[in-house]
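Asker: Can you join these two chains into the complex? Each is in its own frame, and there are hints to help.
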Amino acid sequence: MTSNHPSDTPPPGPDKPSRGQTAKRVIYAVSGGLVLAVLGSLALDYGLAPGWLTGQGNTPTPAAKGDQAKLFTPPDVSTIPDDDFGQSVRRGMAIFNDTGTNAHDYVGNALNCSNCHLDAGRQAYSAPMWAAYPVYPKYRSKNKMVNTMEDRIRGCFTYSMNAQGSPTGGPPPYGSDVYRDLQAYFFWMSKGLPTGEKPEGAGFGKIDKPEKEPSLDRGAEVFAANCAVCHGKDGQGQKDMNGKQVFPPLWGPESYNWGAGMHKVDAAAAFIKHNMPLSEPGKLTTQEAWDVAAFVDSHPRPKDPRQVNGMTVEDAFNKLHHKHDGYYGKTVDGQLLGGGASPQSAGAPQQDGNSGG
Amino acid sequence: MTDKNKQDPRLPDETFEPYEANRRIPLPVYWIAIALAIWGVVMLVQTSHSTLLADKERAALDKQDVAANAPVGAEPAASGKTVFNANCATCHGEFGTGSVGAVPPLANSDIVKAGGAKLIAQIAMRGIDGPITVNGTTYDGHMPNFASALDDKEIAAAASYVARTFTGAKDGVSAEAVAEIRKASAGQDPWAGGAELAAATPGLPAQPSAPQAAADMVQNADVATLVSQGAGSVWSCASCHGDQGEGTQTVPRLAGLPAAYIAKQLHDFQQGTRENDSMAYVAKALTDAQITALADHYAVMRAPSGARPSLDGDLARGEQIAREGDWSIGVPACFTCHGPSGFGVAPDFPALAAQQPAYVAHQLAMWAGGSRHNSPLGLMAGIGKALNDADRRAVADYLASLPPVPATPKVELTAMRSDAQPAKETTNDQ
Chain A
1 MTSNHPSDTP PPGPDKPSRG QTAKRVIYAV SGGLVLAVLG SLALDYGLAP GWLTGQGNTP
61 TPAAKGDQAK LFTPPDVSTI PDDDFGQSVR RGMAIFNDTG TNAHDYVGNA LNCSNCHLDA
121 GRQAYSAPMW AAYPVYPKYR SKNKMVNTME DRIRGCFTYS MNAQGSPTGG PPPYGSDVYR
181 DLQAYFFWMS KGLPTGEKPE GAGFGKIDKP EKEPSLDRGA EVFAANCAVC HGKDGQGQKD
241 MNGKQVFPPL WGPESYNWGA GMHKVDAAAA FIKHNMPLSE PGKLTTQEAW DVAAFVDSHP
301 RPKDPRQVNG MTVEDAFNKL HHKHDGYYGK TVDGQLLGGG ASPQSAGAPQ QDGNSGG
Chain B
1 MTDKNKQDPR LPDETFEPYE ANRRIPLPVY WIAIALAIWG VVMLVQTSHS TLLADKERAA
61 LDKQDVAANA PVGAEPAASG KTVFNANCAT CHGEFGTGSV GAVPPLANSD IVKAGGAKLI
121 AQIAMRGIDG PITVNGTTYD GHMPNFASAL DDKEIAAAAS YVARTFTGAK DGVSAEAVAE
181 IRKASAGQDP WAGGAELAAA TPGLPAQPSA PQAAADMVQN ADVATLVSQG AGSVWSCASC
241 HGDQGEGTQT VPRLAGLPAA YIAKQLHDFQ QGTRENDSMA YVAKALTDAQ ITALADHYAV
301 MRAPSGARPS LDGDLARGEQ IAREGDWSIG VPACFTCHGP SGFGVAPDFP ALAAQQPAYV
361 AHQLAMWAGG SRHNSPLGLM AGIGKALNDA DRRAVADYLA SLPPVPATPK VELTAMRSDA
421 QPAKETTNDQ
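As they're listed, the protein sequences go chains A and B. Quick note on UniProt numbering: the first sequence kicks off at 1 and runs consecutively. Quick note on UniProt numbering: the second sequence kicks off at 1 and runs consecutively.
Here chain B stands alone, though its shape is the one from the complex (with noise of 0.2 Å):
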């Protein structure tokens, strides 16, 4: 550093004509060029992939279209079969024998035989909600309704296929005659069992006449104005969980849910163990009466799916994770815990079908990353962790797919929380 104010006298003279060498392009500005001609070909590819996914999807939907507004031909036997096992099987068998002590059979059920596929497809479009007997046997379920989750085409499909192979009937039901269900059904309850069916329908076996209908909860005034208009900085529930309470991208569906789930995930965003905003400033302000209140307004909310597969999911992929679990990396099936058709098991582990596949997706992210971490031994923490971002959004897709709960019947209400507590809250650590 001693020279390096003098005067160098390397410094060419001033009759020296300055000349650029022919120097080499430096090698970094080949590496830049190579990769951002990589990234750029892979880009293509992958915009070019997914339009023509896209274009795939308009195609189909065109020719659903076509095919809705089509005769049904002869044979809508073998998508049936496909129709019946996502659809139906989960609770009523894959061979159709139902499930003792809570799910009718189809097979060789008289109900079915006399009634045949429009039946079904009746049955189908409004759910049951009261005793029924079939072949002597008198069950008192909930048999949910279809009505927002399959278009008069799989409807029609699936009934026929019913009648056809487990009771060995002749005809089916058209879709066109399906469509006519749906349009006398809309805006009706359930079934209240089966002495409604009996008397819609001639030549049903004998059926237990229905409960009287319970008297409508008394509709707690508080209770209506904060999920309508809200009230201070209690923001109107429906504002953001929607009129219905059906959610929508990822604010969740709340119609259906346990009424003890509800409440205990309130108290949690109440005291900061669950984390979230909005729900945090809302949850707040609200009183533990207005908690409880709020938590039975939307247990017993029945309200059709908003809910819709829109992931870009492996719907097959999500069946199978939520029927049969993928127990290579460690996941049981969603449904051993949330139930058949992934309608909960009060009070702790909440109804999962039709509920919003963002939502989904995104608490499965949350609980993978450690930020929701409320729940009872931190069941979900694992199964979270365990999923990949495609396993996420196939099995919320799938589950986006069904029918959802019949909602919490109001006098099994008050019964339950009596004797059902939620369990004590614990957090996972981690």
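Excised from the complex, chain A in its bound form (with noise of 0.2 Å):
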């Protein structure tokens, strides 16, 4: 302030010529505040601002998933076509989210399609429709032949939905509407997807392998912490107040049989790690997914369908099963498994092991 030159204009009043700076900035000072203010309020006003500031993110969440970029968007249930094609894609719907209704004869326990496939099929890593759709005629070594969409939906008949347990004691006959109605709606899910190439999304997605030997022992401490409050603590899932089942059951005669691709722990750890438990996929380590995926298929469930003819379950072991991450065939707290533990499932299956689930 000692260097100030002499200026020409005359300083503004008879004190300190530092002044006019001083009320300069305070000026600056409270406007630039009041602009930011308002700026900021409009902002927020608009919800322009990010979440992190108001604590309302839109941000998915995160979970242990590949490239989130890359994933393809199903388009809106509001836009299925209000025409006879329409139509079909909303019973197929409708079969996929309500199948003991909507396919009473075929369905031996108390699943529904959308149970595994979340979303009514939509949901990336859980086996999304959109992604099976494009790539199939395939061939499967479950079966060892060319496998058209219809094969393939007879499978998870067969296995996943235990059809030997159902009225007609098997899956819908080739041909069905049911079939009709499935395939329409994943055709129209699949729109705009490329066929032959799998898409990121497909199936469960990729689990590592785990540190330590999964544990039935921590694993029945995970379900216990985790999964119980909508499992039940039984495993048997729960019903509402007139009787529809909410929550699906993961063992004993209503849930998935030995023939289901669930069966394998594999498959189960990584269907949990990405997607369970529900609205919080990720939530378990990888570690805890392995253990408690090897706890729910250390339970009885319904025979395999393929056993037949007096076939032991020794010898659809070797038959079958030798390949599989599972528990088919071991004895587990004294109890032999693959026995089946469907009271229906004695009677004698009607399928020609001739798909896959």
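Treat the hints with caution; some may be incorrect.
Unchecked claim - Under 8 Å between C-beta atoms, here's a sample of chain B residues computed to sit facing chain A:
| id | residue |
| --- | --- |
| 1 | 26 |
| 2 | 28 |
| 3 | 98 |
To be verified - Short derived list, chain B residues pointing at chain A, Cβ under 10 Å:
| id | residue |
| --- | --- |
| 4 | 93 |
| 5 | 94 |
| 6 | 99 |
| 7 | 100 |
| 8 | 105 |
| 9 | 324 |
| 10 | 328 |
| 11 | 331 |
| 12 | 345 |
| 13 | 348 |
| 14 | 381 |
| 15 | 383 |
By construction, these hints were calculated from the structure, which means they are not laboratory data. Where a beta carbon is used, it is the ideal one built from N, C-alpha and C, also for glycine.
Answerer: Structure (structure tokens):
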């Protein structure tokens, strides 16, 4: 301040020449603040403020998944056309979400397709239908033949939906409207995807090998702490006041049978890691996912429908299961697994082991 | 700083006439002016927008009144589909198939065929609470009553749609006829199953007889006093939660919530794991026995809905969140956990149907902010965070439009308590 040069204009007041500067700074500071406040409140009003500021971010739940950016988004339900094709799509969706009602004759347990294929078959990494539809027909080593989409769905009914326990004792016959409507639904939802290319998000996604061998004891603890609220302490799911199954049973006579893909611990672990607990995917560590998958899949469930004509569990194991990462044919808590948990399964299954599930 | 106090030689002498230089207005002043102007304009636009909305709303209400008074046109079918899909399809299915073992079908239902649209309206107005046989299969569920959720015109439209679409009936039912049904149903309990329906409507197929009405639970005098008058530092529950437990604003509806859930919340308020000043004060003075009795009292309470959509939420968006979820933001359908139609799944998943919208939106915000953190597994925390303010209002308003849960029947209550304990409370870690 000592080096102020005399200026040509007279100073504004009789005292310190620096006074003008301070006043100016104050004005700048105050007005800058005001402008910021006004702009800020406008931004807030119009929802332009970033989520981390307002605490209501719309950020997707981070999950241990692949490249989110590349994921396909299936069309919105409201865009299903209002014509005969659209009706078929809607029927397919109804079968998918309430299979026990809308394909009643062919379902032998208390599950729906949408219990494992979440969001009505649209959720990436829970084996979405838009990722399956474009890659069929396809050769499958499970039944050593080229499978059409109809063959594939037939497999799901046979194993995952335990068709051997259904009113008709088997999956929908070839050519059934059940296949027609389900395929219309899948086709509609896959619009725009190239055929023959497996899109990102297909299947249950990858899961790393666990550090330690999966343990049933640790798995039981993970189950009690993270799963039992919804699936029940006994794993039998829960029903609402009208008796409608809201949470699916994970083992026992009302769950998937020993031929279903989910009986394999690696498949179940990947599904669990990427999708469970519902609304909090990624909460479980990789080890916990393996442990609890092993726990779930080491319980009795309906028998493998391919185990026919007096085949013993041991025969079936050698023929069908020796390559699988599962508990089929093993003895847990003194019980040989694979014998079946279904009261209905005593009856002779009426299917030909022709398809995969 | 040396010559500060000395006579400054630069000072003008006494003869100098001071004058103002023609200085420019400082830039910041412009900024303020511009900012204020923008703000002003935005405010103007906003208020005019909301008056416009309000005007529209009033106009819509007027129209509704007019429509309600006008004779129903020949064609309620179009909107009937909308009403049906939003209110009935959650249980009976889009194609009226029902749900095996739980909800009877409407499509080709012998009851609907025999009773027509009028009977459907009678059922929708009162609900059903006893065994009913449809197409040879007996169901023993609980059909909610829509008296407090739908108006005469909506019930008429839905009933006509069901009769025509699912059984090929020619005749619908008019809004006036539904108004008559409403008058006749006032104060009536739900239909006690198919037998009572058959007695009132000739031509229905054979129906199972209703079980003896369960004896009313002996009303615990202590509880009745607590609820209606309070005692000491336990203020009367009804003073805040309403005479019928229907709630208001941010005070929740209690009627029909699972008993185990109510008891757990009261314990949590008591222990401070759920925070709310009023409830903490009330709950601290309650004994365990009183908590159990109060929980039972509200769990079996049947009350009409006291909730209406009131947060200006987008109902279509709300319905989508509740029934399908929005998986792009990691939110599963609310109904996958809270049950179809938001009736809850005892003991851990409370009913949401007819819950007060301000309360629902507020709780979702509290989970997002971390101030409600007593939920099993923290299941609601991520959901609360993922929804933005508009979504919270949308889903809260949609839930407020649903019919209230038919309260847990008294007979089932004791059974439930013995084999179902509420999940261990776990605190989520945020």
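Asker: Broken hints, numbered, in rising order?
Answerer: Result: no hint breaks.
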